[in-house]
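Chains as they are written, first to last, in our numbering: chain A, 4 to 83; chain B, 2 to 408.
Because the hints were derived from the structure by calculation, they are not lab data.
Each residue gets a CB set at the ideal place from its N, CA and C atoms; glycine is no exception.
Don't take every hint at face value.
[Unchecked claim] Simulated restraints, written as ranges between beta carbons of each label pair:
(1) K290(B) x E56(A): 24 to 30 Å
(2) N35(A) x G179(B): 39 to 45 Å
(3) K290(B) x Q28(A): 28 to 34 Å
(4) S68(A) x N171(B): 41 to 47 Å
(5) A5(A) x G53(B): 46 to 52 Å
(6) G70(A) x D326(B): 28 to 34 Å
[Stated by the list, open to error] Below, simulated BS3-like cross-link-like pairs (lysine-lysine); rule was C-alpha separation at most 25 Å, straight line:
(7) K150(B) x K163(B)
(8) K45(A) x K246(B)
(9) K150(B) x K6(A)
(10) K12(B) x K45(A)
(11) K55(A) x K163(B)
(12) K190(B) x K6(A)
(13) K194(B) x K55(A)
(14) K246(B) x K12(B)
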Amino acid sequence: MAKRRVMFTFPQELIREPVIYNLGQQFKVVGNIRRADISEDKGWVVLELEGKEEDIEQGIAWVTSKGIRVDPIIGDIVEG
Amino acid sequence: MSYATALRCRKCGREYPLEPRNLCNFCFSPLEVSYDYKSMAKAVSRQKIAAGPPDMWRYHDMLPVGDEVVNIGAGFTPLIKADRLGRELGLDELYIKNDCLNPTYSFKDRVVSVAITRARELGFDTVACASTGNLAASVAAHAAKADMKAYVFVPADVGAGKLTGIAIYNPVLVTVNGSYDDVNRLCGKLVEKYSWGFINVNLRPYYAEGSKTLGFEVAEQLGWHAPDCVVAPAASGLLFTRIWKGLDELSMLGLIKEVNTHMYVTQAAGSSPIVSAFEAGSLHVNPVKPNTVAKSIAIGNPADGYYALRVARQSGGGAGAVSDDELIEGMKLLAQTEGIFSEAAGGVVIAGLRKLVSSGAIKKNQLTVAFITGAGPRTQEIVSDIVQPLAIQPTLESFEEVVGENV
Ligand SMILES: Cc1ncc(COP(=O)(O)O)c(C=O)c1O
Ligand SMILES: [Zn+2]
């Protein structure tokens, strides 16, 4: 099993969608939420994804295709 | 000796031993070194610091490493009273902290000196980093001095000119053919796979502390006073938070009075997630795709963005973003008034300062320090349009014809 630490940033219209639930159902990727802030007009979730490497890849591609930003928690490693 | 006691989560407060680790296992927030300030306070004094070496290690007692340091002479760079530039911008008391004058020409020598020292203490024989220039050069130079192996990953589109300033120290220099995101992704995997001291990843809490010396030095150089205003650039946001922490610690240790410094963060508009969050009144930094000539500070997903934002807020400071044209004007202005050739990040600071003064955020009589964090020559191609020499033949006639008779 692989793990990936990511942040999802939701646009307003997607805040109410059960994206993390669907990740589990459709891609067998379990999302373990560590921090989150969701309000009426914006939202972000910090979580660890756990599953098979290829399922995580496909799951992230699906989440991204819905219009949700997916970024690594670690931030950009390449510095000036 | 070191007064560091633990790594502490900035969000939830959980503590970890002083090991190679950058994130809290529970909430994934950044870890920070905490200290036994009581004992530290007994060990430090203005006199002892003033009698120390003329480099950043005069503040050794306030850094998280033991006695044997990897020192190529970083720090204790000049603080210049910038009267000409001040007049131009409308400030009575403007100072430039000139960190171009570090061994590898940027402030990164401060952070790397601490990180490599800690890496060696932790038993690493190999260090690594991914960088478009400044960090890579500094890591390679310090690894050379420490007789450690260094892996340095550079995006393949970084100009060949920059590679010389890295390769000269003989690291394992790897150019990665791919986008900036590809290089980031690869590095994420390298970090997991290899047991290296990854300078700005698993050594990040130690690395961060090196930038406190910028705050220490400025206060010492101002006669043990904190400035009224600080203007500094941000990429990941770490430097900005540590200038503040440096001032705060000096006051906590009783070396300066209470700190009322207003902290202003500046970014290039093409990569300004922290400034955007500040302006939006948000506490969440939304990552962006960078697009600016200021490559050294082009970080779209800043690991410490939230904390930089908080420092700007809590200190009663602010934020400013400038266009590429404005930052290049800033570089030229700094060179042509104070004789300091900075890189793009310095142009961002000067152009940002100009905006902050004209908007009234920074007042004429406030003692302001602008942090110039890297030198110009490594990226001189971005201002190559200034080269317009008057070409003549080696005769007086030609000189007078081309340059004019009223010289
Ligand atoms: C010249 C220069 N200034 C400032 C920075 C910003 O550093 P930080 O990532 O700590 O915000 C960098 C590095 O990324 C840099 O190279
Ligand atoms: Zn935590």
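Hints, verified against the model:
K290(B) and E56(A) have their C-beta atoms about 25 Å apart, which keeps the hinted 24 to 30 Å range intact. The given range of 39 to 45 Å is broken by N35(A) and G179(B), whose C-beta atoms sit roughly 30 Å from each other. Look at K290(B) against Q28(A): about 31 Å separates their beta carbons, and that is inside 28 to 34 Å. Take S68(A) and N171(B): their Cβ atoms lie about 45 Å apart, and the range 41 to 47 Å holds.
Separated by about 48 Å at the C-beta atoms, A5(A) and G53(B) satisfy the suggested range of 46 to 52 Å. For G70(A) and D326(B), the hinted distance range of 28 to 34 Å is satisfied, since their beta carbons lie about 32 Å from each other. With a C-alpha separation of about 20 Å, the suggested pair K150(B) and K163(B) falls inside the 25 Å cut-off, and the hint holds. The suggested pairing of K45(A) with K246(B) is violated, with an alpha-carbon distance near 31 Å, which exceeds 25 Å.
Using a Cα cut-off of 25 Å, the hinted pair K150(B) and K6(A) is violated, with the two alpha carbons roughly 29 Å apart. In summary, the hint linking K12(B) to K45(A) is supported, as the alpha carbons are separated by about 21 Å, within the 25 Å threshold. Between K55(A) and K163(B), the direct Cα distance comes to roughly 40 Å. Violation of the 25 Å bound is thereby established for this hinted pair. In summary, the hint linking K190(B) to K6(A) is supported, as the alpha carbons are separated by about 12 Å, within the 25 Å threshold.
With a C-alpha separation of about 17 Å, the suggested pairing of K194(B) with K55(A) holds against the 25 Å cut-off. In summary, the hint linking K246(B) to K12(B) is supported, as the alpha carbons are separated by about 16 Å, within the 25 Å threshold.
When the structure is compared with the earlier hints, violations turn up for hints 2, 8, 9 and 11 and for no others.
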